[in-house]
Amino acid sequence: GQNIDQPTEMTATEGAIVQINCTYQTSGFNGLFWYQQHAGEAPTFLSYNVLDGLEEKGRFSSFLSRSKGYSYLLLKELQMKDSASYLCAIHGNNRLAFGKGNQVVVIP
Amino acid sequence: DSGVTQTPKHLITATGQRVTLRCSPRSGDLSVYWYQQSLDQGLQFLIHYYNGEERAKGNILERFSAQQFPDLHSELNLSSLELGDSALYFCASSVELAENTGELFFGEGSRLTVL
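If you read the protein sequences in the order shown, they are chains H and V.
So the first sequence is numbered by the numbering used here: it starts at 407 and just counts up by one.
So the second sequence is numbered by the numbering used here: it starts at 113 and just counts up by one.
Incorrect hints may have been included.
[Said to hold, decoys possible] Far from chain V, by Cβ distances over 10 angstroms, these chain H residues were calculated:
hint, residue
1, Val-424
2, Ala-448
3, Thr-450
4, Glu-461
5, Leu-480
6, Leu-484
7, Met-486
8, Asn-499
9, Asn-500
10, Leu-502
11, Phe-504
12, Lys-506
13, Gly-507
14, Val-512
[Stated by the list, open to error] Computed from the model, here is a short list of chain V residues facing chain H with C-beta under 10 angstroms:
hint, residue
15, Gln-153
16, Glu-187
17, Asn-189
18, Phe-202
In case anyone wonders, no lab produced these hints; they're calculated from the structure.
The C-beta atom is built at its ideal place from N, Cα and C for all residues, glycine as well.
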């Protein structure tokens, strides 16, 4: 099975940088995804890591360490529209299992 | 627009009733996943179909069932509904290559309210 742990909420200022951590335990691993979800809306894809290291995509970067069962999502130059829940998800065992998400609140 | 279509968008029904939620995946996607998201809860994986065959089952209740049809659309059937079944139900589709999945594209969800 899969066990995914994320902190629940954080507040950050517009323009700042925030790091969202995700630790996991899984019996099968094909990759790790990060999704953004605004309240009441569908999740949207942010990034995907299958090998160790950093993947950069504009203002978002994601890091993976498979040996440590650890990933983080880095959000730079925060904007008000980045206020959302950020979901870490593990692909393995023919499923994509999501963590409960980390709520980020961006304040002016 | 993700290209994944879910109907109905909203549904209000009574306890004990049965409902069917429908999902049309993106053109070309063979995989369909169903998720349940209750208020302030994470996305709970229910079931995954690939090209008409069940691939994996999550914590799906026995009162719930699903299938994927030859045209690749999928239906999630919820029966003997309880108050606790009130939730947002998401369908997602993806292209799958061997053991790797592409990103999942989510539909806008079907909001079920059981009174």
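Here's how the hints hold up against the structure:
With a cut of 10 angstroms on Cβ distances, Val-424 of chain H stays outside the contact zone with chain V, its closest approach being about 20 angstroms. Listed as outside the interface, Ala-448 of chain H is inconsistent with that label: its C-beta sits roughly 4 angstroms from the nearest C-beta of chain V, within the 10 angstroms cut-off. Some Cβ of chain V comes within 10 angstroms of the Cβ of Thr-450 of chain H; the nearest lies about 7 angstroms off, and the non-interface call is violated. Distance check for Glu-461 of chain H against chain V: the nearest CB is about 13 angstroms away, which clears 10 angstroms, and the non-interface claim stands.
The Cβ of Leu-480 of chain H lies farther than 10 angstroms from every Cβ of chain V, with a closest approach of about 19 angstroms, so its non-interface assignment holds. The Cβ of Leu-484 of chain H lies farther than 10 angstroms from every Cβ of chain V, with a closest approach of about 23 angstroms, so its non-interface assignment holds. Look at Met-486 of chain H: its CB is around 22 angstroms from the nearest CB on chain V, clear of 10 angstroms, so calling it non-interface holds up. Interface exclusion of Asn-499 of chain H from chain V breaks down, the closest Cβ pair being 6 angstroms apart, not more than 10 angstroms.
At the 10 angstroms boundary, the C-beta of Asn-500 of chain H falls inside the reach of chain V, the nearest C-beta of that chain being 4 angstroms off. Annotated as non-interface, Leu-502 of chain H brings its C-beta within 10 angstroms of a C-beta of chain V; the closest such distance is 6 angstroms. At the 10 angstroms boundary, the C-beta of Phe-504 of chain H falls inside the reach of chain V, the nearest C-beta of that chain being 4 angstroms off. With a least CB separation of 4 angstroms from chain V, Lys-506 of chain H falls inside the 10 angstroms interface cut-off, contrary to its annotation.
With a least beta-carbon separation of about 6 angstroms from chain V, Gly-507 of chain H fails to lie farther than 10 angstroms from that chain, contradicting its non-interface assignment. Non-interface call for Val-512 of chain H relative to chain V: holds, since the shortest CB-CB distance, roughly 20 angstroms, exceeds 10 angstroms. With a least beta-carbon distance of about 7 angstroms to chain H, the hint placing Gln-153 of chain V at the interface is held under the 10 angstroms criterion. The interface hint given for Glu-187 of chain V is violated, since its Cβ lies 19 angstroms from the closest Cβ of chain H, which is over the 10 angstroms cut-off.
About 20 angstroms separates the beta-carbon of Asn-189 of chain V from the nearest beta-carbon of chain H, more than 10 angstroms, and the hint is not met. Interface hint at Phe-202 of chain V: satisfied, since its Cβ lies 6 angstroms from the closest Cβ of chain H, which is below the 10 angstroms cut-off.
Checked against the numbered hints above, the structure breaks hints 2, 3, 8, 9, 10, 11, 12, 13, 16, 17 and satisfies the rest.
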